[in-house]
Amino acid sequence: MKITVPELALVVLIGPSGAGKSTFAQKHFKSTEVLSSDVCRGLVSDDQNNQAATNDAFEVLHFIAAKRLAAGKLTVIDATNVQPEARKPLVALARQYHCLPVAIVFDLPENICHERNKTRPDRHFGPHVIRQQAQQMRRSIRGLAREGFRHIFTLSSLDEVEGVSIERQPLWNNRRGEHGPFDIIGDIHGCRAELETLLARLGYDASTHQHPDGRKVIFLGDLVDRGPDIPGVLRIVMPMVEAGSALCVPGNHEMKLLRKLRGKNVQITHGLAESLAQLEREPPEFVNAVTDFMDDLVSHYVLDDGKLVVAHAGMKESMQGRGSGKVRDFALYGETTGETDEFGLPVRYNWAAEYRGRAMVVYGHTPVPEPEWLNGTLNIDTGCVFGGRLTALRYPEKELVSVPAERIWSQPAKPFLDQSAQASAMTAQQDDDEVLDLDDVLGKRIVTTRLHHTITVREENATTALEVMSRFAANPKWLIYLPPTMSPTDTAPDGDLLEHPAQAFAYYRQQGIPKVICEEKHMGSRAVIIVCRDASVARTRFGIVENEDGIIYTRTGRRFFDDDALEKALLARIRRAADQAGLWDELATDWMCLDCELMPWSAKAQELLKTQYAAVGAASRAALGEAVSALERALARGADVGSLLKHTQDRAQLAERYTEAYRRYCWSVTSLDDLRVAPFHLLASEGKIHIDQSNLWHMETLSKLSAGGDPLLMATAYRLVDVTDSASEAEGVCWWEELTARGGEGMVVKPLEFVSRGRRGIAQPAVKCRGAEYLRIIYGMEYTLAENLERLRSRGLSVKRSLALREFALGIEGLERFVRKEPLRRVHECVFAVLALESEPVDPRL
Amino acid sequence: MLLTITSTMASAPDLGYLLHKNPLHAQVFNLGFGKAHVFYPVVEPERCTAALLIEIDPIGLVRGRQGPPGEGRTLEQYVNDRPYVGSSFLSVALADVFGTALAGRSKERPELAAQEIPLEARLSVLPCRGGEAFLRRLFEPLGYAVMAERHALDEQNPDWGASRYFTVTLTGSKRLGDLLTHLYVLVPVLDDDKHYWVGDDEVEKLVRHGEGWLATHPERELIARRYLKQQRSLARQALEQIMAEEQPAADEVQADHAQEEAEIETRISLNEQRIGTVIAALKQSGAKRVLDLGCGEGQLLRALLKEKLFDEIVGVDVSHRALEISRDRLRLEQMSEKQQERIKLFQSSLVYRDKRLAGYDAAAVIEVIEHLEPSRLAAFERSIFEFACPGTVIVTTPNAEYNVKFENLPAGRFRHQDHRFEWSRAEFEAWAKGIAARFRYNVRFVAVGQEDAVLGSPTQMAVFAR
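Chains as they are written, first to last, in this note's numbering: chain E, 1 to 846; chain G, 1 to 466.
Derived by calculation from the structure, the hints in this document are not laboratory data.
Here the structure is a predicted model, which is why all the values come from computation and not from measurement.
Certain hints may be false.
[Claimed, not checked] In the BS3-like style, the derived pairs of lysine-lysine whose C-alpha atoms are separated by at most 25 Å in a straight line are:
#1 G/K344 - G/K283
#2 E/K646 - G/K35
#3 G/K344 - E/K444
#4 G/K344 - G/K306
#5 E/K444 - G/K283
#6 G/K355 - E/K67
#7 E/K264 - E/K67
#8 E/K821 - E/K688
#9 E/K67 - E/K688
#10 E/K326 - E/K260
#11 E/K30 - E/K73
#12 E/K264 - E/K326
[To be verified] Derived list of chain E stretches under chain G, where covered just means 3 residues or more per stretch with a C-beta under 8 Å from a C-beta of chain G:
#13 26-38
#14 431-440
#15 610-620
#16 627-633
#17 637-650
#18 781-795
[Stated by the list, open to error] Distance windows between CB atoms, simulated:
#19 G/D418 - E/V669: 16 to 26 Å
#20 G/K306 - E/K73: 45 to 55 Å
#21 E/G582 - G/V404: 25 to 35 Å
#22 E/A353 - G/R225: 22 to 32 Å
#23 G/Q156 - E/R450: 48 to 58 Å
#24 G/E204 - E/N50: 52 to 62 Å
#25 E/E731 - G/G130: 49 to 59 Å
#26 G/P45 - E/V669: 56 to 66 Å
Don't be surprised by glycine CBs; every beta carbon is placed ideally from N, CA and C.
Kindly generate the complete structure, drawing on both the sequences and the hints.
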């Protein structure tokens, strides 16, 4: 006997103890697919036959079954299931998860069960138990269909049980194997002429309706009603579906027409009259063919490995690829809130706003003036029959093709070309993006990145990031990127330095990367600058409705300047430099995102400088000065303090050098002209993220900004070094020595390519090599004393480096998602994750 | 750090007997955190100066840190003033190096130890939280003449102003043991940043060293509070680490300023009146299940718990630290299960949509909106009025017009440093009416606190109802 079960089903085995259900399940299903009540009894009570644990055991069983069905996994229930009340919760579970309940009944002679149980030492119950179970089963199996089982199979003999083979059948909606390309066409409503024009525009042959490239049309339903030539539309669609050059899902109008054609009593409203009148003129064979065609339509399709879902009114994630009355209803009508609006139409529940699924969902049903992406969903019903357009989405190209209606064929109940809606400043996605959902950021998060696999964010770090993001950050619509942390070079093994370029060069050499670029490291504060050509770009591309034309923010997403006018003026200067350099045209963009250092350090870190760096300098110089003079007096009167004096004088000297070190990075800012901006990455512009360009390209392109002569914009000095050539390396070292001798912070060494693969995954995108004097403000003024330096050499870089890579990958991922115009939550997820990782404990001196 | 003690008594070098340190030899003592050197810069019959030079190992300071796990990850511990200033390290060194003298004993000159002698103590660098005035309030009541020279933060950047460091000279006729004891207790109090974990034994130490003088000291309460200072929480550490460059000790600033705001508003106990008015409005609305959005440290929650009318009370705040404090103050852990069922606290953010906040009868948003960036108000409005959508929403915020009535609030300043804006009545009412129209609420306005005929009430309140 062949038993056919849907690939996603809840299979309920029914039969008394000893009927052979477990053996059967073992033979035909994966062990993880089978949930046994006996095993659950064991799980909760250590005894598989403990009847007292039955309630708890079934709670566990139902819980696991629910999880499996939610995940779309076939599940087999191995329990006696002989009473209707035992089966009822199982049928309810199957309904809840929109899959089909299947019953397999073991109606075997009682003595077989009894004999089997006798051979099993753990089953002590007498024949009366089996008898009772068998009676209960037989009394109720006739009602199985009424209970809700869609497939019922009864096995009445051992031979039959032995002879069973199980076949799993894909659901009708499962077309994962079809990869397109597709042309998905919205609601037609009898607009034959427009359909013909559109098909021609899409490249389909006018007579065969075949596409030379083998493309396939997907019709989203509502072919019928309202319009002028409903039979004409069906004469195009039906043969295409028949020939396999099109798929079609049903719309609510087909369903109503079908009921009418089958003689059901339905209201002749919403354009049904046109269908009936036009079909009346057709031969009955045609009407029959139409009836059969409509009857065969499958509610929705899951296509292209689950990447595309099509349905007339949309499909939420939990229902995709499933079959139930509710799924069908959703596909046909969407979800409504139960209220009606001022036109008497049902208020639709905006399922797309909450959509988080991986699959793109293309649908129609509700006419919209303009198709707008929202969380990966798109409604392409542009109301052709109401005088709008007939629209197709080309998949996977994501291009929209539409033809205008030849005239208004039908008056809508509600004006769908609503003037006020069209005037909205933001797209549907931008409007939805205005409020991000806490569920998308809080708790333990796993973010998938293209560069570095998946990255985990711990819950407590997300907690900290939420506070920073909520209290201090700028509008998340601006925050498309947060810069990663950067690791220093490996520690110099000896000598009087902690960091030296030799280790940086060696690192890249060992990674198999021959060419590096050394860039001067500016000592200021990190700033991300987004500059738009004007405020209208900020509005259309970023969804910023305030009159802003860019932003400057810190590495934690906070506005760099409290003074809006200063920010605006600075952005204007950068914009002018970009105008002069012709960068807008060169990059074919009207916005760009720059990674910069903004100086002086004291501009942003004034408080830190005062409360910490200057304070320590003041305290140490005063304290050591007093100590030196006390020691000098003691020495003068002959006390044995000579070496202590020398030591203290040395320390006093270090205090002076420390003070000089931080002072270099401070100057007072009274106007914009006192600031310096040094951009070093041109991260992204419209349609592009520039990580495929080398770091040299970034330097050269950005130097055009300062070439205009605005002193505000600083070019960054750089040198190329071949780390396989010792002469080239020596030049690099020499350059670093010059930089640091002049009081510079040091340099950043990067692989020439922006993203470089090393021996194990991507290499550090940059390592910093800081000067000896600069490090005084990091490691403390006395770090160069021999006894201190030796101890400081043992520093672990692995955590910092791992963090740097993860944050780099997240930063790039966020930008890529933004450039691909994904919903803000997807961009924000990355930005939020960088901020969260920044609260990981790591040595802050690195 | 250098401490010198000078005596001008007759046969001044007897100071060496009192300190149990021979003026002829320089000596070194190993301390856990570094070394202490004792030497005498001046040894003359009428004047003798002993010097205690403490060298703290800056690397050891970081590596061998004591205290609760997780303590200290910010950069400040690596570049810090500890090696150079008077602090609790000095107290530890005093007890170690001059222990006998500190106890007021002397083997060789017991009568001199019990005698008041002319003494001068000079501390090379002493951090004074509270400034010179506080320094004087600490030492002058004990009979010292105080000379204090304040150091600039950076003489090349004069606009940065003065540091909190002073070179301090204390002069007086004192028993040496008393002088050392006063330094032992009061130096860490001035510094207000103990280097070790403050446990129970510190209470005992304070009682012992304060015997005979602390009980009558006019600043005894502040001395005790600072001496027994509690350590920072882990949550704050994490926040500080993130914000290091931009917002040193964000919470600390918050707390200080919350106090400041409280002080500014104190005369009219505005907070009490505000809570009372909110409770009244909530009761009037008939709400059973209420949200306190931005509950802070839980003042309103405590008041809500006392009202039997409310079946379910939910407090949320974006600050994890505030929730911790709230939990402590409400004694949530100690509540019976029945009581615990009534109240829930969790972290949320008002600028994100939070499904957990949907479906409540009422929400109180008390003194919260002014802490939001104006650009984030749009998100706040939608997350509360569109998505959480409680039947009643009560919003309070300062009335900026009233600020001129606060004598200690400089003109143009906000009541709290973290406020991003403060609205006039017209501004607030325009905002609230806009919201009511957009989200289909009715709104009415209630004055909170003593109303001024011209300026209105100190706090303004809007009650939105669907």
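**Message:** If you test the structure against every hint from before, which numbers come out violated?
**Reply:** 5, 7, 9, 13, 21 and 22
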